[in-house]
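Turn these sequences into a full structure, and let the hints guide you.
Number of protein chains: 6
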Amino acid sequence: MLLSIFFIFSFLFSSSNALDFCVADLSAPQGPAGYSCKKPEAVTTDDFVFSGLGAAGNTSNLIKAAVTPAFSAQVPGVNGLGISIARLDLAVGGVVPMHTHPGGSEILVVIQGSICAGFISSANKVYFKSLKKGDIMVFPQGLLHFQINAGKTQALAFASFSSPSPGLQILDFALFGNNLPSDIIEETTFLDDAQVKKLKGVLGGTG
Amino acid sequence: MLLSIFFIFSFLFSSSNALDFCVADLSAPQGPAGYSCKKPEAVTTDDFVFSGLGAAGNTSNLIKAAVTPAFSAQVPGVNGLGISIARLDLAVGGVVPMHTHPGGSEILVVIQGSICAGFISSANKVYFKSLKKGDIMVFPQGLLHFQINAGKTQALAFASFSSPSPGLQILDFALFGNNLPSDIIEETTFLDDAQVKKLKGVLGGTG
Amino acid sequence: MLLSIFFIFSFLFSSSNALDFCVADLSAPQGPAGYSCKKPEAVTTDDFVFSGLGAAGNTSNLIKAAVTPAFSAQVPGVNGLGISIARLDLAVGGVVPMHTHPGGSEILVVIQGSICAGFISSANKVYFKSLKKGDIMVFPQGLLHFQINAGKTQALAFASFSSPSPGLQILDFALFGNNLPSDIIEETTFLDDAQVKKLKGVLGGTG
Amino acid sequence: MLLSIFFIFSFLFSSSNALDFCVADLSAPQGPAGYSCKKPEAVTTDDFVFSGLGAAGNTSNLIKAAVTPAFSAQVPGVNGLGISIARLDLAVGGVVPMHTHPGGSEILVVIQGSICAGFISSANKVYFKSLKKGDIMVFPQGLLHFQINAGKTQALAFASFSSPSPGLQILDFALFGNNLPSDIIEETTFLDDAQVKKLKGVLGGTG
Amino acid sequence: MLLSIFFIFSFLFSSSNALDFCVADLSAPQGPAGYSCKKPEAVTTDDFVFSGLGAAGNTSNLIKAAVTPAFSAQVPGVNGLGISIARLDLAVGGVVPMHTHPGGSEILVVIQGSICAGFISSANKVYFKSLKKGDIMVFPQGLLHFQINAGKTQALAFASFSSPSPGLQILDFALFGNNLPSDIIEETTFLDDAQVKKLKGVLGGTG
Amino acid sequence: MLLSIFFIFSFLFSSSNALDFCVADLSAPQGPAGYSCKKPEAVTTDDFVFSGLGAAGNTSNLIKAAVTPAFSAQVPGVNGLGISIARLDLAVGGVVPMHTHPGGSEILVVIQGSICAGFISSANKVYFKSLKKGDIMVFPQGLLHFQINAGKTQALAFASFSSPSPGLQILDFALFGNNLPSDIIEETTFLDDAQVKKLKGVLGGTG
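Residue numbers (UniProt numbering), protein chains in the order written: chain L, 1 to 207; chain X, 1 to 207; chain U, 1 to 207; chain S, 1 to 207; chain Z, 1 to 207; chain P, 1 to 207.
Take the hints with a grain of salt, since some may be wrong.
Restricting the straight-line Cα-Cα distance to at most 30 Å, the calculated cross-link-like pairs of lysine-lysine (DSS-like) are [what the hints assert, rightly or not]:
| no. | chain 1 | residue 1 | chain 2 | residue 2 |
| --- | --- | --- | --- | --- |
| 1 | S | Lys-64 | U | Lys-198 |
| 2 | L | Lys-197 | P | Lys-39 |
| 3 | Z | Lys-39 | X | Lys-197 |
| 4 | Z | Lys-198 | Z | Lys-133 |
| 5 | Z | Lys-64 | Z | Lys-129 |
| 6 | S | Lys-132 | S | Lys-64 |
| 7 | X | Lys-39 | X | Lys-64 |
| 8 | Z | Lys-152 | Z | Lys-129 |
| 9 | X | Lys-129 | X | Lys-64 |
| 10 | L | Lys-152 | Z | Lys-133 |
| 11 | Z | Lys-198 | X | Lys-125 |
| 12 | L | Lys-152 | L | Lys-133 |
| 13 | L | Lys-198 | P | Lys-39 |
| 14 | L | Lys-129 | Z | Lys-125 |
| 15 | Z | Lys-64 | Z | Lys-39 |
| 16 | P | Lys-200 | L | Lys-125 |
| 17 | X | Lys-133 | U | Lys-64 |
| 18 | P | Lys-129 | Z | Lys-39 |
| 19 | U | Lys-198 | U | Lys-132 |
| 20 | P | Lys-125 | S | Lys-133 |
| 21 | U | Lys-197 | S | Lys-197 |
| 22 | X | Lys-200 | X | Lys-64 |
| 23 | Z | Lys-152 | Z | Lys-132 |
| 24 | S | Lys-125 | S | Lys-39 |
| 25 | X | Lys-198 | Z | Lys-64 |
| 26 | S | Lys-39 | S | Lys-64 |
| 27 | X | Lys-129 | Z | Lys-133 |
Example chain P residues on the side facing chain L (calculated, C-beta under 7 Å, incomplete) [claimed, not checked]:
| no. | residue |
| --- | --- |
| 28 | Pro-97 |
| 29 | Ile-120 |
| 30 | Gln-169 |
| 31 | Gly-177 |
| 32 | Thr-188 |
| 33 | Gln-195 |
Simulated from the structure, these hints should not be mistaken for laboratory data. As the structure is a computational prediction, the values presented were derived from the model and not from experiment. Just so you know, even glycine gets a beta-carbon here, dropped at the ideal spot from N, CA and C.
See the structure below:
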């Protein structure tokens, strides 16, 4: 009896509200607010859980760094919720080059090692500090920032974002890793032609 | 002539803006911001009107209460507009058990009878009062709240929400009406095993 | 012991979050998001409750209508919550003239009597219907709409808004109740000079 | 080598974030937040560029005015970005009649000639001024406003909006250009029957 | 020379935009969108950095758990940015009791040990899983959820939130740790009187 | 009589809604949503109008460009409205160097001359085009973009933004115009030491 009323009570409401979450249907159309929602009956616990951040990323590369994201594509449950996370591994000498997230703010928490992190404001003031284990730092949306392993051991951190799709624009790659013509780069950055061509060579840019 | 210019004038604009409303197409994919929109030419007055709140809900049940919603599923015109409404009938002795709306704030207006209503803040302060005909009370988003018929006659109220899909999480049903294991409930609520099992029995919970 | 931990636990959090509500301090500066918040310790149940909608407004006037609002000024608890409400009384022959709410959508629920209500879309399509007791109608944000007592008895309705400050722009008063020069009105509305001056006379407009 | 790491680095992120823009797929379903997004690989520069505002609109009509919009339908790249633009041409004697944009605020910048522009607030206060070349004026969301050629030469202006779909409700067309019954118009605007019928005649209204 | 132009260029802009961040002035009035901003010249790197999550919280208490927040009060730089973080320590047998965050979604990342975590949806479906080191889980806004140390060692996790002030409503404390009258609790939760009084005794509730 | 009712009617509402605009009080505290509002009675037409974009900015400088903003500081009426505008003058050979607006999207409309404009996406794809008089281009929020005079005459454009405080981060100035240490710049951008020091010299950077 009580049961039945609760079922009715709850049914009336739940039939009208699939939106305490909107688990991404990665195969359906995406809109400005995110992916379309999976049908509620297809949603499982695994849509909200991700184990891919448990292992260190591969830092055997020139920047000696690896970023492993847990965004909508990896954790469909974050779609529409205004939050996501990524794992950051920095080998000794590792660096996350100057970059922005056009669509979200970030909080970094250092789990292991020491990381020198900083950002530059619209007013061109620099805010940077050497962070040790347990320290956090916040990077406001859209501003240039960086992280450098500041110690003599592997460093590990997690970066949370205020969006399920914060975006990532790495400065060097944006400038030198595509077909943006060298003369435009030089006119708009005041970099020397030799410098531009050198980095285009390294990063695969053409034009 | 004037006519023709107006038609042109208006056509240019209206061809680019179907969004002073987005009437829900309940059969199309849903996203984080709500349902897809019906084509404008298919929209009628009845998409914005609902007569289902005119009759009292059935309160012949253990909680002696009935909630009748007018959300996107019932009034497709509210989709995307940040508002919805529901009718609340409370027989003598009726109660809307402790619950939250995860996705919206609520204003209750008492139309008939007397209702004791209250909510509890994040700071664990209790705000409650006996409301009479014509009184309103606001319940901030996501906080536990309740309504009890405080009089000796049938009570009627309307609850407006700041979302077309405010959600409803009824505490007892969330704890005791599903397969959440008893030991987890007991560890996370400090309720006694007997109490948990008794309510699981009533509400159909398993595990 | 358990008590003490909970106090600590909760203290840590609550010390950092006064924002499950922001009760308006009507004497402090207002910003784009609403009024400043009262200090939590000054907040009482009465900030969330309002009894001023219990009595009929005075409809002894030319439009035979009265609107009684419950916005931030009357119910400081709605500040920042995205919702508010107003009472609408319509005597026989009463009318709420053509108007818009620039800052919010509206749901009307008819409590007593019969009301002819409608709105006009950006595409200039008219949506109107005679509503009876218990019927609801939604009016999307910013669109011209109206309500007319459609019956032979007093009518009563409640209007909920998707904002604590939806605004109200009554067409006649905007055109004829201020110092907007008659020639500008005529050029921008195509109304005749006699018509404009007649209504300016009635509504107190100058210029 | 550096290249490869950057590619990996960037790939991980970009695979999860198609949302630094959401170019409208005009053929797909639309939701409350805008149109569905084109697949990133189908997006081209031309989705962000529009040449249709380069030529004057045709002002050979009774209001001697033309508005040419660049909204999602013309510039799919604005979808979801909270901005759009339109060109306004006013011949000598031209006028943009009293209107509102239910879904966005506007900034007008005068490029050529002189324009008398104004708006009326919810508090029925009138704000208007004669603007000359280079002047700007802002019109808050949802409020009645107008623009009149105030000079003896053709005038040109651009109007930017805080939404890719601001909407446009022209007062005269909303009242007199559809099937809203004359008696309802008269009851809700206090206009005389003759005036209503005259303008219905001009603007093609029925009923 | 280049310098001077840049200074001018940048000055014009920066004089108009203090809002790529709004570091909380904890002594100034708070509004619905957060705290007032410190003057830009008073902002330092330490407004964006916090070291208080580096040490384990004190878990010598009945729930064997400690939550250490980094919200606006601790890290003024998060104000207005839509993100915050907290540290969670769980001794063996530790538990974060059933609770909600009315104002934000959460992502938990397990740094050490094993944690059984779960939430319950509006549709009363339970989503829970035993998480090991490196696993993440997302908890949508406003829904009941919990975390339990599932292993035989101390557990450590970080919880990120989609708001600088997510709020925290612990179920037991909301029900039994204040002056909410026992009869109201019993009517709205169906708990037995003895159970209610027992937990009121433990948690310091009165009435 | 009619007058009196309208006054009452309107008074009730307007007393509760000062928010169809929130003209910036530049001397009062600012919050995450913008400046505090001027008292309504102090607001004048001039708060919504600005004449400072009527004259060309001074382009007698190395980049041969001038940007003149109309943000909250210049036009207090845009505060809280989600829109602003700026004038862009480019002498022959002029360039707006690579930059981002962390807090808003932009639409550029070319009024005179020819401008080569472009942006780079998170996916490192370049979108650029030579724009002629009357052409518009949209630049999504937070992405690197630039404008170059592409012709042999002075160029003039207006840039509208989806925020009253879009921010401006000029790449060269952010990297080379402050005290960010050269070794950090080099590690995070892969630029050569000589290049960094050369540009630091030009732009006044230290460290």
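Flag every earlier hint the structure violates by its number, smallest first. 2, 3, 4, 7, 13, 14, 15, 18, 19, 20, 24, 26 and 27
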